[in-house]
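Peer 1: The numbering of the sequence shown is my numbering, which starts it at 1 and goes up by one.
FYI, nobody ran anything at the bench for these hints, they're computed from the structure. Some hints could be false.
To be verified - SDA-like mimics (lysine to any residue), calculated; alpha carbons at most 20 Å apart, straight line:
(1) Lys101 x Asp5
(2) Lys391 x Gly128
(3) Lys386 x Arg3
(4) Lys54 x Lys231
(5) Lys362 x Ala326
(6) Lys233 x Lys362
(7) Lys42 x Arg3
(8) Lys247 x Leu282
(9) Lys157 x Lys316
(10) Lys247 x Glu168
(11) Lys231 x Thr360
(12) Lys316 x Thr360
(13) Lys316 x Trp286
(14) Lys247 x Glu212
Stated by the list, open to error - Listed next, with one range per pair, are the computed distances between beta-carbon atoms:
(15) Glu46 x Leu285: 37 to 43 Å
(16) Leu94 x Lys295: 15 to 21 Å
(17) Met314 x Gln277: 15 to 21 Å
(18) Glu30 x Lys220: 20 to 26 Å
(19) Gly135 x Leu285: 47 to 53 Å
(20) Thr360 x Ile283: 37 to 43 Å
(21) Asp58 x Met314: 35 to 41 Å
(22) Glu41 x Glu232: 26 to 32 Å
(23) Glu30 x Ala197: 39 to 45 Å
(24) Glu232 x Ala63: 47 to 53 Å
Note that CB positions come from ideal geometry on N, CA and C, so glycine has one too.
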Amino acid sequence: MSRYDVVIYGASGFTGAYVVEYLVNSEQFEGLSFAVAGRSEKKLREVLRNVSQKTGKDVSNAAVIIADSADENSLNTMARQAKVVINAVGPYRLYGEAVVKAAVENGASHVDISGEPAWIEKMQLKYGEEAKKQGVYVVSACGWDSIPADLGVNFLKKNFNGDLNHVESFVQLLTGPSGYSFNAGTYQTLILGLNGAATDKLGAVRKEIMPEKIVRGAVKVPKRAQLWEIKEKELNGVAVAFPGADKSIINRSQYYDATVRHTRPIHMETYIRLSSQFYGYLIGLWMMFLSIFVKYPFTRRILQQYPDQCSFYMFKNSGPTTQQMAEASFVYWFFGYGYKEVLPIDQQHEGKPNRKVVTTCKGPDAGYIATSGCVLSAALTLIRDKDSLPKD
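When you get a sec, could you build the whole thing from the sequences and use the hints?
Peer 2: Following this line, the structure appears as structure tokens:
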């Protein structure tokens, strides 16, 4: 059976529909075949019609595959028709594993836009070796969380002109006059993540997927308060820890660098930059209440049933409007500290870092425009450059 180059699973969802639109509009995907997949043929056809109208390219008759995360046979049938499955159905801790399993067992690579470290690392532990045997790839966090962060650190390491020791990253989400609300799917993932944090046993998983002890620099990233003031020449404001997958993904990359590429690993901390302490205190207070309320079934159901109200409209079932996305953007700052001197990987530097390099990464709306571009780029790499990718 011939395979489509890309199958977008969850194409009728909020994010999935944007992924389809940007695939159709991209010159990079011209000449490549694709199909859309999901539970409802009617909704999938509607997405294809809408995309045809927006892009001026008629894809209304593109292939449709009916698949459901609760139906193993349908997922197997979908995976057998794909070279790469783009999985846009979350929360992944609820719906993701069945899709990964079907992809790996049926010879398809799998990319997703998960920002859930526990799920991501459990998938590596459970399906990593089988994926190697099948010659396919399972690549998570291929959205805005965490491609810009991982590539930003990699770029900084390559261009540091010395030995990079540690990095602090700061990301800010910028909105326009119309404001911004994320789709409630992201909120549901947050609720489930907070609820599962105590039972995920992530430390044990990490010991299994990263069993070797790697030696990082003697100087560690400075310890910060939960809310702290940024006092850099290039950047001010206040910062809180970034709750997504960036640090998890970067640490796995550093482990790979140390154990396979035999290059020096770094220390890493990731933060969100906020414009004021007042806003930081509000966010911290909101997160504290969420952490408490998710522990009890009754209050957790209320949180899940009323995302708009319970998030003070930071998240909405309707998601952001087209205008809000057009006005939105993001910027990452990467502050790298290290040494002018280059030593062999098995030798430690002495004293405090003597070099600082700052780099930035800027882009459009993080939630859906940048995410669509990132996950499509990841899929394209697996299609066109698979022979150049690592086999370990």
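Peer 1: Against this structure, judge whether each hint is valid.
Peer 2: Now for the hints, and whether the structure bears them out:
1. Between the alpha carbons of Lys101 and Asp5 the distance comes to roughly 19 Å, so the proposed pair stays at or under 20 Å and holds.
2. With a C-alpha separation of about 11 Å, the suggested pairing of Lys391 with Gly128 holds against the 20 Å cut-off.
3. Of the pairs offered as hints, the one joining Lys386 and Arg3 holds, with about 16 Å between alpha carbons and a cut-off of 20 Å not exceeded.
4. Annotation: proposed proximity of Lys54 to Lys231 is violated, straight-line Cα distance about 45 Å (limit 20 Å).
5. Pair hint Lys362 plus Ala326 holds up; C-alpha atoms about 14 Å apart against a cutoff of 20 Å.
6. Only pairs whose Cα atoms come within 20 Å are accepted, and Lys233 paired with Lys362 is accepted, the gap being roughly 19 Å.
7. For a cut-off of 20 Å, the pair hint linking Lys42 to Arg3 is broken: about 23 Å separates their Cα positions.
8. Restraint check for Lys247 and Leu282: the C-alpha separation of about 24 Å exceeds 20 Å, so the hint is violated.
9. In summary, the hint linking Lys157 to Lys316 is not supported, as the alpha carbons are separated by about 38 Å, beyond the 20 Å threshold.
10. A distance of roughly 10 Å separates the Cα atoms of Lys247 and Glu168; the hinted pair therefore holds under the 20 Å criterion.
11. Between Lys231 and Thr360 the CA atoms are separated by roughly 17 Å; this keeps the pair inside 20 Å, and the hint holds.
12. Straight-line distance between C-alpha atoms of Lys316 and Thr360 comes to about 30 Å, which puts the hinted pair past the 20 Å bound.
13. For the suggested pair Lys316 and Trp286, the alpha carbons sit about 16 Å apart, so the restraint of at most 20 Å is met.
14. For the proposed pair Lys247 and Glu212, the alpha carbon gap of about 19 Å is at most 20 Å, so the pair holds.
15. Range check, Glu46 to Leu285: Cβ separation about 41 Å, and the 37 to 43 Å hint holds.
16. A C-beta distance of roughly 18 Å is found between Leu94 and Lys295, which places it inside the suggested range of 15 to 21 Å.
17. Checking the proposed 15 to 21 Å range against Met314 and Gln277 shows it holds: the Cβ atoms sit about 18 Å from each other.
18. Checked against the given bound of 20 to 26 Å, the beta carbons of Glu30 and Lys220, roughly 48 Å apart, lie outside it.
19. Judged by the Cβ atoms, the range 47 to 53 Å given for Gly135 and Leu285 holds: they are separated by roughly 49 Å.
20. At roughly 23 Å, the beta-carbon separation of Thr360 and Ile283 lies outside the given 37 to 43 Å, and the hint is violated.
21. Range check, Asp58 to Met314: about 37 Å between beta-carbon atoms, so the 35 to 41 Å window is met.
22. Remark: the range hint 26 to 32 Å for Glu41 to Glu232 is contradicted by a beta-carbon distance near 53 Å.
23. Restraint check, Glu30 to Ala197: a C-beta distance of roughly 44 Å satisfies the suggested window 39 to 45 Å.
24. In this structure the supplied range 47 to 53 Å holds for Glu232 paired with Ala63, their Cβ-Cβ distance being about 51 Å.
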